[in-house]
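J.: Residue numbers (the working numbering), protein chains in the order written: chain A, 17 to 323; chain B, 17 to 323; chain C, 17 to 323; chain D, 17 to 323; chain E, 17 to 323.
Possibly wrong hints are sitting among the right ones.
[Unchecked claim] Restraint ranges, calculated between C-beta atoms of paired labels, are given here:
no. : chain 1 : residue 1 : chain 2 : residue 2 : range
1   : A       : Arg-133   : E       : Pro-167   : 31 to 39 Å
2   : C       : Glu-158   : D       : Thr-159   : 37 to 45 Å
3   : D       : Lys-103   : E       : Arg-297   : 24 to 32 Å
4   : A       : Gln-177   : D       : Lys-154   : 58 to 66 Å
5   : C       : Arg-203   : E       : Lys-199   : 19 to 27 Å
[Stated by the list, open to error] Cβ-to-Cβ under 8 Å is the rule here; a few derived chain B residues that face chain C:
no. : residue
6   : Arg-48
7   : Ile-78
8   : Phe-89
9   : Gln-178
10  : Thr-228
11  : Ala-233
12  : His-237
Keep in mind the hints are simulated off the structure, nothing from the lab.
Glycine residues also receive a C-beta, built at the ideal position from the N, C-alpha and C atoms.
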Amino acid sequence: MSKIVTEQKGWFNWFKLAIDLRSSVIRTIWRRVVATMIFAAVIHWIYSQGMPVNQPVLTSLIPSIVLGLLLVFRTNTAYERYWEGRKLWGVMIHNGRILSRNMYFMIVAKTPEEKRRKLEAIKLIGTLVWAIKVHVRKEDVETELDHLLTPDRLAEIQPLQQRPLRVANWLADYFRQMYEQNKLNYRFFIELNQSMDRILEAMIACDRIASTPLPKAYSIHLKHLLLIYWLSVPFTLVDSLNGFVIPAVGVITFSLLGIEEIGLEIENPFGHDPNDLPLERFCYVLQNDILELVQYDSQLKEDSGIE
Amino acid sequence: MSKIVTEQKGWFNWFKLAIDLRSSVIRTIWRRVVATMIFAAVIHWIYSQGMPVNQPVLTSLIPSIVLGLLLVFRTNTAYERYWEGRKLWGVMIHNGRILSRNMYFMIVAKTPEEKRRKLEAIKLIGTLVWAIKVHVRKEDVETELDHLLTPDRLAEIQPLQQRPLRVANWLADYFRQMYEQNKLNYRFFIELNQSMDRILEAMIACDRIASTPLPKAYSIHLKHLLLIYWLSVPFTLVDSLNGFVIPAVGVITFSLLGIEEIGLEIENPFGHDPNDLPLERFCYVLQNDILELVQYDSQLKEDSGIE
Amino acid sequence: MSKIVTEQKGWFNWFKLAIDLRSSVIRTIWRRVVATMIFAAVIHWIYSQGMPVNQPVLTSLIPSIVLGLLLVFRTNTAYERYWEGRKLWGVMIHNGRILSRNMYFMIVAKTPEEKRRKLEAIKLIGTLVWAIKVHVRKEDVETELDHLLTPDRLAEIQPLQQRPLRVANWLADYFRQMYEQNKLNYRFFIELNQSMDRILEAMIACDRIASTPLPKAYSIHLKHLLLIYWLSVPFTLVDSLNGFVIPAVGVITFSLLGIEEIGLEIENPFGHDPNDLPLERFCYVLQNDILELVQYDSQLKEDSGIE
Amino acid sequence: MSKIVTEQKGWFNWFKLAIDLRSSVIRTIWRRVVATMIFAAVIHWIYSQGMPVNQPVLTSLIPSIVLGLLLVFRTNTAYERYWEGRKLWGVMIHNGRILSRNMYFMIVAKTPEEKRRKLEAIKLIGTLVWAIKVHVRKEDVETELDHLLTPDRLAEIQPLQQRPLRVANWLADYFRQMYEQNKLNYRFFIELNQSMDRILEAMIACDRIASTPLPKAYSIHLKHLLLIYWLSVPFTLVDSLNGFVIPAVGVITFSLLGIEEIGLEIENPFGHDPNDLPLERFCYVLQNDILELVQYDSQLKEDSGIE
Amino acid sequence: MSKIVTEQKGWFNWFKLAIDLRSSVIRTIWRRVVATMIFAAVIHWIYSQGMPVNQPVLTSLIPSIVLGLLLVFRTNTAYERYWEGRKLWGVMIHNGRILSRNMYFMIVAKTPEEKRRKLEAIKLIGTLVWAIKVHVRKEDVETELDHLLTPDRLAEIQPLQQRPLRVANWLADYFRQMYEQNKLNYRFFIELNQSMDRILEAMIACDRIASTPLPKAYSIHLKHLLLIYWLSVPFTLVDSLNGFVIPAVGVITFSLLGIEEIGLEIENPFGHDPNDLPLERFCYVLQNDILELVQYDSQLKEDSGIE
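Extracted from the complex, chain A is given alone in its bound form (with noise of 0.2 Å):
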């Protein structure tokens, strides 16, 4: 949750990062560029011919301005939806927290059988953020959640579509009870439901941000005006630049498509991308902040409520 891991300063990181290509998107977007490198070969074979290919005014055909504010458009959008993917995360561990807390403080647990129920509870806590975790990324929950749940809770829980929601109704239900039997008051009820609803409420908006990419026709005609720029491109310049023009093709279309392709990437931060977001190291940091509650019980048996 707190690693500081921002950019270190200094000159001497500064190059190191600017090598560090496993990060880089050029792994994804070489062969596109290398096909527009051919391309550059084939205008610049026929200008050598003597075919008059040279047409320097086609610069203006996509003005660099509309195409530069495109890109970034994007750019800033993915950015956007992979800052609310890591919000959410934010307000899911917070709420765990608060939910937990107030769990363990607000209800009344005297006897062993009611403190170990509502130990099993706050437990779950976890487990609906595990499996929000096993829902946005539609990881298979046989897998991922045997660890969490008792297997008749497993089996409960396989055939739904909205696998989050019924523990969170496990958790309701036993709000519920709780409130029934005059161990939680009616306004702390509210209380712990609210949180859990945030969550909740976390979940959905990770749905819609995994869900709802930008709209196709956007996508669609920015490449088109990356294509025409591209195929544009070796006219305006094999006069001047000759061979050259190959490695400077090269040099465009990776700028240009490198910026496509980081939006694309960050788009939907809950994949297994390296530019992704530790959505496992979230669940731990949660389940630890649990644990360590539930420590403070042993410690301080003389003071807690729930002896």
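The hints should help you fit chains B, C, D and E onto chain A, whose structure is shown.
T.: Chains B, C, D and E only, in chain A's frame:
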């Protein structure tokens, strides 16, 4: 809700999407593109007759930066509405879920009759969201709602202007009765009410998006600038490109008009366009969630309070 | 509220809108456009006398990028106010609906007299929103409110500065009396109060938009830059365009001044301009919603608690 | 609060505003403009001596796009602070109104003494907002608050660092006493408390705006770029413009420096500049609202609970 | 909190700030600036040997608009984090104040022992915020917290991962005990809880800012574009500037790299850089506010409930 449909990565998918003309705006704008090409052809013919129509300096008439910024502002604005529309439906589904779960766990229902009324009321939530869909899309009420409402209620709702509000009244009326019969705590009454209000708030925001386009003066001015730009382009290019001025003008028109058209298309995301939001699917997701909640009843009879 | 008035798609509507000069800003700015054209004509005449007034390098005086960014920033800001103004009226209508429904279902009214007072109070909500419209537009109170208020109350409200606050006081007074007579739960009292507060919050935000223009220093500086730009343009174009410099300057003035003028026009969206918000229509929508709520009473007498 | 002071439309007002130099930034920046003109004159003199100081290629040193974007980013940021500052005062007035109305209707006051104390407490709200004004502007407490506070309280408040917090304490103390004497429902206590907290929240946000300028590294870098730009401009223009390079450089400096200066001026909107917010007027609006509320008392004695 | 430190106006301060190199990014980036100048010198030497390394057309390799937009996007994003970080600390201080005031007025404490425990608990709020500072900055717990905690509690907190959560637990535990002993109304308990939760919410948001830099692919791509740009600049300028190409390249590198570096520096505003937020000062402000609240006690003994 959670089908991951973001763009696939990789060069192959890139080109596949680039040639997917069905979702592209080409189908909508080709007539206007052809029109500017014909105009360019006319200018070229005049030029070939020796008339001095070549005026490269005209490029500074409408600075491409101004046009570019306006177009991107338009796209931005349209996308924000699209994204807000998407968020609003997330809010509706989320609050529909919360409302149904809270009704399920907060309202006391002992007799079979009480249970029947409660389940009926819970199902009204799905009807409410469906009615909002019908309202936002100005669809026909009779054909769309007859499978969700009794004929009496359908007749009652028919002549109204804000039909979803009446559905909300039915729910509110039920809550009040439960409250008066001491089957619903006064604070729970408020909680249910608030969830419902948030659904109605999302509805009125959808109304706002659907009924308030970009100020007309703005759209008109943008069209004027585009027209002036297109009319001046052939004069600036005809000398250097000669006959190629015709496809060149086509490409320029396509690139700029496409951006405007995308803005127009996603500005109101509640229609039936290929780029619009799948409202029906959102409604079915909520109805399925309610179904999965109600099934919970039959599975855990011994735990549930409404047995 | 929900009339879909977004732009129609297709080439025909595109051109139809492009020539709709009534909503265009042309009517407002033509005098200034003509003025710059006259100036260009003078420069052209001087040039034709052989004076060396041709200075293409002047284009770099005010970089078009700087001017473009400032103009778009202005438009952006103005549009955000417009959109916020639109949102605020949605908030008012929404909370007017919520408030009326909650008053209807939460306040106990058994006797005909109590019912009469309650309905009267519910109708005050419509009056409140209407009074806000009058307040925001600085309209005449007597002519606008006399059909909604008794002469006594009209006289009471007349000398005040913040008249909607007094209408809110009447409502709050009624709530308090109901609360003191045990016809309104204390928590419901708060709920009604909060809905009303949200209406007043929207009112104060409308006040903010109407009374706080873009900082004056900003508007003035933008005008200075535009003036300098126009004064320098004829010098840069007169050599290449000759007599055509006059319409060219007209077009440039039109395109830039139009953007500024649109910003000016939508900055305060509460007036009577063709591009302003239809405040009256919003008020009627709410009044109709209240009417449809009250009709509910007569239809379902057997269910309603106020019978 | 609601005086409509947006720009008047029409060509006459346009020019009237354009020559309003009092609110313009010209008064602030003319010294620096003259300095760059002197520098240009020196370069011109050197050039006229036949030295090869003409270097048009220097225009690419600081691309105008980079400079333009940075300047607009600065303006944007400054305007957002200005607008947020304006919003915060709206929040204060709104919550001042809500708080006074709720105190008026929620606190039970039967005896004249109780009524007197209640009115006194209500008037403290105006004092609270006035104290915030004094706090935000770092004004002298004694001269500004002596007409609103008794000498005792003035002496009590004098040595504190966060004086508005003490005023809030007096109010909170009064609320608690009313609560303990059963003249204020516990839930109403919270309601009053929350309105007051929102006023204090706005205060701390004003503090944030007033005490956190744009990061210094940013301001400095922007100044460096501007300096480099100005130093290079005469070299690029001296050849084509000859003696006219001097006014040209003046115009360029004026246009760019003006944008930076506006940002600087509206960044902290709580001062006494012509472009700052009218904090006093905001305070008077609230005090007048409280006055109009208290008058309500005398008008409707038979209805009011504090009779 | 409220020290007004915005830029001073006027030409003198302008230049004073312009030459303030300590806060400038020059200190950080001069090595890289020198490196590009050496590279330019090499190119110039090769050019002076008669090699045809002059390629002005290379300026279109990385359009300056694309680079400019990316750099500004980076700065924007970094500034938003900076500003959000600043807001979060405002939220913490505000809620610390609210929480302390509400604890002071809402918790009943009659006996000296009860009063002692209450004051101790109020002081824990300051400890909580201090612990958050230590947590966000990854500082050493023992040296930073030993003056605020008893050795027992310090030992208890030492091995935990999320130490501020444990401090919050102590407070929550105290609230629960007061609630169980009927010294704290259940609704006040929730109120206190919620203020504390908002502090923890701000903490988790600080964690988010500190631990989530701009996606790595983005930083790397930006560095690649900058590198390509610098490598191509000497080729484009060497012909026109001759030896002056070396300082020119230095200036270009300085201006672009500076923008990137500022972004990097303010992206994580919780460190010890000159441009970072003064977290210690924020903590002291809150501790002083709590002190001024507690002094209120001794001044007005006859009024206060904890007498």
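J.: Hint by hint, say whether it matches the structure.
T.: Here is how each hint holds up against the structure:
The hinted range of 31 to 39 Å is satisfied by A/Arg-133 and E/Pro-167, whose Cβ atoms lie roughly 36 Å apart. As the Cβ distance of C/Glu-158 to D/Thr-159 is approximately 43 Å, the hint placing it in 37 to 45 Å holds. Roughly 26 Å separates the CB atoms of D/Lys-103 and E/Arg-297, a value that falls within the hinted 24 to 32 Å. Separated by about 60 Å at the C-beta atoms, A/Gln-177 and D/Lys-154 satisfy the suggested range of 58 to 66 Å.
In this structure the supplied range 19 to 27 Å holds for C/Arg-203 paired with E/Lys-199, their Cβ-Cβ distance being about 23 Å. A least Cβ separation of about 5 Å between B/Arg-48 and chain C falls short of the 8 Å threshold, and the interface hint therefore holds. With 8 Å as the threshold, the beta carbon of B/Ile-78 comes within range of chain C, its nearest partner Cβ sitting at about 6 Å, so the hint holds. With a least beta-carbon distance of about 6 Å to chain C, the hint placing B/Phe-89 at the interface is held under the 8 Å criterion.
The interface hint given for B/Gln-178 is met, as the beta carbon of that residue sits about 6 Å from the closest beta carbon of chain C, less than 8 Å. With 8 Å as the threshold, the beta carbon of B/Thr-228 comes within range of chain C, its nearest partner Cβ sitting at about 5 Å, so the hint holds. Checking B/Ala-233 against chain C by beta carbon gives a least distance of about 5 Å; that is within 8 Å, so the hint holds. Taking 8 Å as the C-beta cut-off, the interface hint given for B/His-237 holds, the closest approach to chain C being about 5 Å.
Hint check: no violations occur; every hint is consistent with the structure.
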